[in-house]
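> Using the sequences plus the hints, can you model the full thing?
Protein chains: 2
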Amino acid sequence: MDVKAMEALVQPRAVAVYGASRNPRKIGHAVLDNLRRGGFAGRLLAVNPAADEVLGVASRPRLGGQEEIDLAVVAVPAKQVQEAVRDAAAAGARALVVVSAGFKESGPAGAEREQWLRGFCKDRHITLLGPKSLGVINTGHRMNASFARNMPSPGRISVLSDSGAVCTAILDWAAARHLGLAKVLSIGNKAGLDEIAVLCYLAGDDDTGVVLAYLESIASGEAFVKAAEHISACKPVVVFHAGASEQGARAAELHTGNRPGADLACVAAFRRAGLIQADSLEALTDHAAALTLQPLCRGRRVAVLSNGGGPGVAAADALEKAGLKLARLSEHTRAELARVLPAHSAVDNPIDLLGDADPERYAQAVELARADEGVDALLAVLTPHAMTRPAETARAVARAAGGGQTTVVVLLGSADMLPGRAEFVASGLPDYPTPERAVAVLRAMVELHDWRNRPPRVVTRFPVNRRRVERLLLRQRRLGGTEVGEVRAKAILRAYGFDVPAGVLVTEREDAVEAAERLGYPGAMKIVSPDVVHKSDVGGVRLSVSDPEQVLDSFDLLTLRVQRHAPGARLEGLYLERMCPRGVEVVLGMRRDPQFGPILLFGLGGIFVEELEDVAAGLAPITADEAVQMLTGTRSYQMLARSRGAAEIDLDELAGGLQRISQLATDVPSLAELEINPFTLLGKGRTAMVVDARMSLLEQEP
Amino acid sequence: MDVKAMEALVQPRAVAVYGASRNPRKIGHAVLDNLRRGGFAGRLLAVNPAADEVLGVASRPRLGGQEEIDLAVVAVPAKQVQEAVRDAAAAGARALVVVSAGFKESGPAGAEREQWLRGFCKDRHITLLGPKSLGVINTGHRMNASFARNMPSPGRISVLSDSGAVCTAILDWAAARHLGLAKVLSIGNKAGLDEIAVLCYLAGDDDTGVVLAYLESIASGEAFVKAAEHISACKPVVVFHAGASEQGARAAELHTGNRPGADLACVAAFRRAGLIQADSLEALTDHAAALTLQPLCRGRRVAVLSNGGGPGVAAADALEKAGLKLARLSEHTRAELARVLPAHSAVDNPIDLLGDADPERYAQAVELARADEGVDALLAVLTPHAMTRPAETARAVARAAGGGQTTVVVLLGSADMLPGRAEFVASGLPDYPTPERAVAVLRAMVELHDWRNRPPRVVTRFPVNRRRVERLLLRQRRLGGTEVGEVRAKAILRAYGFDVPAGVLVTEREDAVEAAERLGYPGAMKIVSPDVVHKSDVGGVRLSVSDPEQVLDSFDLLTLRVQRHAPGARLEGLYLERMCPRGVEVVLGMRRDPQFGPILLFGLGGIFVEELEDVAAGLAPITADEAVQMLTGTRSYQMLARSRGAAEIDLDELAGGLQRISQLATDVPSLAELEINPFTLLGKGRTAMVVDARMSLLEQEP
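From first to last, the protein sequence lines stand for chains S and Z. Residue 2 is where the first sequence starts when you use my numbering, and the numbers rise one by one after that. Residue 2 is where the second sequence starts when you use my numbering, and the numbers rise one by one after that.
If you're looking for bench data, these hints aren't it; they were derived computationally from the structure. One thing to keep in mind: the hints can contain errors.
Remember, identical chains collapse to one label, so a pair may be satisfied in a single copy or spanning two.
[To be verified] Under the rule of at most 16 Å between Cα atoms (straight-line distance), these lysine to aspartate or glutamate pairs were calculated in the EDC-like manner: (1) Lys322 x Asp280; (2) Lys685 x Asp500; (3) Lys123 x Asp280; (4) Lys27 x Asp357; (5) Lys5 x Glu448.
Following this line, the structure appears as structure tokens:
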């Protein structure tokens, strides 16, 4: 990232606003007004064909070479943008913010305009933000070059957003929570600066401590992951990813003209890069509050204190759901709590301080819980009884808290509690309206802590027969078609060290019995045809064939069925296999994402767990650690392991299978999809078996 | 419900406060102060051993027969409650609110106190609220007999809560949203009034339009479902159920001394009864706002309007995730939108009104969307740009909205938008801070609408052989043990019309081959022992046995393995079965919940989908409709159907299986658990097969 190139954008000395208007309903008016009201100390210019002066700022129809500016904010109709941009460039602008709509998102004519804009700025090394940007804000430079509603108060949070509307909402939420901002960059259609450039810049920006990002599309998967990994190591980045659903993706394309990334791939990529994924727009500021005010949470053991039993119960539910724990308090802590708290308080975690709890009681309990070595974080809940004194409680809790643990506060209820809120934040305590939202933040903090302390990534390379795979794929390409059938897919997997049932392709009825006897009973028989992808749809599979008569009958039956149900299909023969013993069947697979490359998948019951919103996606190349985490992090795996036991579920076999797929997908860039279904686990220490498999290739060699 | 009995509680003419204190940090002070400040028009009395007057109210040490009161609020230490209660009864109190803690939740001594209290009130027909109650509020009677922070403004929402703290939070949230309340009943440990009694009362209460409930435990499943069904038919009831997790359940027992219901059973019961389940505490008021201000949403097609693309994308994501749809606007609507909206607006749903949208533009778009017959609900998003005028937009949208559709508003951001909020609510439009929260509310409305319009419940009775099951279970009881093994479980299921593989129990090695030949190859062989529940754990299962030699080898092997791995186990013999053909394997089951009775379950991959948070629980007795809904409502079933196709997945077979289990569980009250795993679907039109099954009985005949 060229920091110099950003300077004209975030720290300009002179700014011109194109389209500055006296009409308060116009965007150009709002931008100029924001620059003035925000206290911008540099030179301001208005460009307007019809006025000498706007909002007290000198205005002229064009600048040409008469003025020397660093930054131009363009808020004119799309068709006039070109003229304004040329004028700004002539006036020496090294950065441009294009606020106007009517570009890539609006059809071919707009796309052409955007292409021109992109090329013009690139050729002249002009830093471009937008088009369809809300603008740029830098509180440290007292510059609000946007049509946001207000100038935010200064702070350590920076915002990066594909959507201007979401920027304005974040500004509002931050203000309501008394949180200050550093920089706001609304990248719009991102014809110039994109999320990667901005992340790189913010990583080196001393004013930025935490980044909040709203993203729909992601420009380049690999570069994004690299940039995100780099910044996550020193600054937490919270991302809300929109447009992940089918309806959302269509809407997003209409919004900025860019297609969002697939949810699955994004989740895998965000995880790899240490990003915190916000699951609602509100969660962006939820996370920001704790991340700016508190140290990262180092463990999963949480002490809950509250002046009501119900919220304590709700907090315990939320902790368990999020994979965190109620800390087990030491004997000593409980004894001390019992000593200082009134009768009928609950001294087991959650600690119930009762409805009449005063600030002193909170402080004592916080101090005692904090001193307990078994406590990683404190969650103090305050509900608004008649006797509750939120502001004083804030001060007392803040005095008692601190040290290594993370402390967060739940102010259950809202209106009445607001006077206390400012006090809490001023005391360095982030506050939340419900236990659920506070717990989500603690969990994200623990995960970021774990990510930062993860072991070095070492990707295992298995010895494989790459040449054989190349030959097999060459033959497939020659045969034509992108669907790789079972027999060839199994041969490829075998070359990558997978265990596959013994099998043989038979073309003549006469050879079938001998082949079956050699393989052993019971056997399976399946048709082989490049024209039939789903064999069972045409009745092309027979299982548990157990004697010569059944072999011959099946041969005839399967052949007839193909002729009947898929008349034109070329039949290469029948594939005879020794039946795999029964075991625990799982699904392993891979889908190549256009942005993030191969995504590894796991599933049960023939279904990838992603479809059940139980995400287990991993980015290739995957390490052994990551494969184990990817599996054990799902409810599906946990349930499977619990119901079947360690003797049946060999985690290393599963993780090994994912790693081999990862290696195959990395080695063979033309592999689009792969599904091993079922991958049958035969018990601890025994090699699992590929019972059925299919692959597909990209239309074009990449 | 005896309405008369409630009158003394909610509309008393004279109220005494025991423990009324001059110390503003005491609960008794807060209660008396609230009664005064709330404008209670009846007679007030303070009971305090040491004062003549408290807060201007005459006080004396005890009432005895000197005064005639309707209601007593008791806020004295637990040990003095008995004395206070006797005194109140002597003074004629027909209702009691016990605020004090130190009862069932605090150990044996407290439990004894609670038992006395319960008995005393029951014998004298005194209506009891508590102990550990926050109190009672009736805005229509201007009575705030609680230690909540403020008197709520009057309205149509009533609150029922196991937790006083949650009551106070709801009061706060409602105030912040400008929503009024009717009655608040904090039932605490519910030694007297419980959730069933209160629901029955509120069903008939003319002032109540919507009920919000926070519940941990539920007293009696059947009565609860009946009461909830009754009220849901006319008034929406929103429930937040806490204590469903393991940690939460333990915390809840410490809270009120009552054990919460299992989550699964509650979800099934709530669904049956038409209750709306809130998934966070905030969601309680989220739902209340729309339910009091708007008509129920009649369909799933939603039009989204916003002054920013990003929030439109987020709304589309949220709709899809919730199972709702972006409405497809008619040609006419789109043409009209294009006519009235400025260039570069998006006229496809989501409709992007652009950042400078004024109130008039919102109104025009709302009117056009509303006129479209393909639109069931409108979601208007307003983000705080500099030009945004929330209050005027509120008025304009409210004028344009109305008619049959549900309209909700998202005010993205908070602080700045609050001036607009009051306007929205005053105009009858509920507002939400994010699209996600608004969408959750629309979804709940549609579901309640569908529930109210559900077909009449007709439970199919299959012809079954009940007597045979009785005999089989009698034999099981005689044999001892609550675990019903595979052979007997299959016999029971066969008597209830399930298809089970042909099989025979063999005790002598010599008989095995003949039996196997008669059944046909390939076969399965399994040990039968009342002492071995998990046969495969001791290596007691052999599959795909395909010739006489294998039969004899397996006989020897299995017998030896039992002796080795389960030395003391009684071996009844070996069970020989014809192998079931391969098919699609699912799991069907039942667990009897102590509160709600038999809960039906469905799963894939050997795991009930509940464990994957993909709930498919149904309450027995289940109808065919309900069984189909229970299955098709899960992501798991949807994925299975999509990946395997209708030819393999026979929905009627699955639904039929659930109904038969439902009938069995209803007929046999001693059946505690049942699991058919796998239940193998053999294709459309073919009867599915019970490949393995187990059951367990209750320790005691019920």
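> For every hint, state whether the structure bears it out.
Hints and how they fare:
1. Lys322 x Asp280: So lysine 322 and aspartate 280 pass the 16 Å test inside a copy (15 Å) and across (12 Å) alike.
2. Lys685 x Asp500: within (15 Å within a copy, 33 Å between copies)
3. Lys123 x Asp280: neither (36 Å within a copy, 49 Å between copies)
4. Lys27 x Asp357: Cα proximity of lysine 27 and aspartate 357: across copies only (7 Å, versus 53 Å in one copy).
5. Lys5 x Glu448: The answer is neither: 34 Å in one copy and 56 Å across copies each exceed 16 Å.
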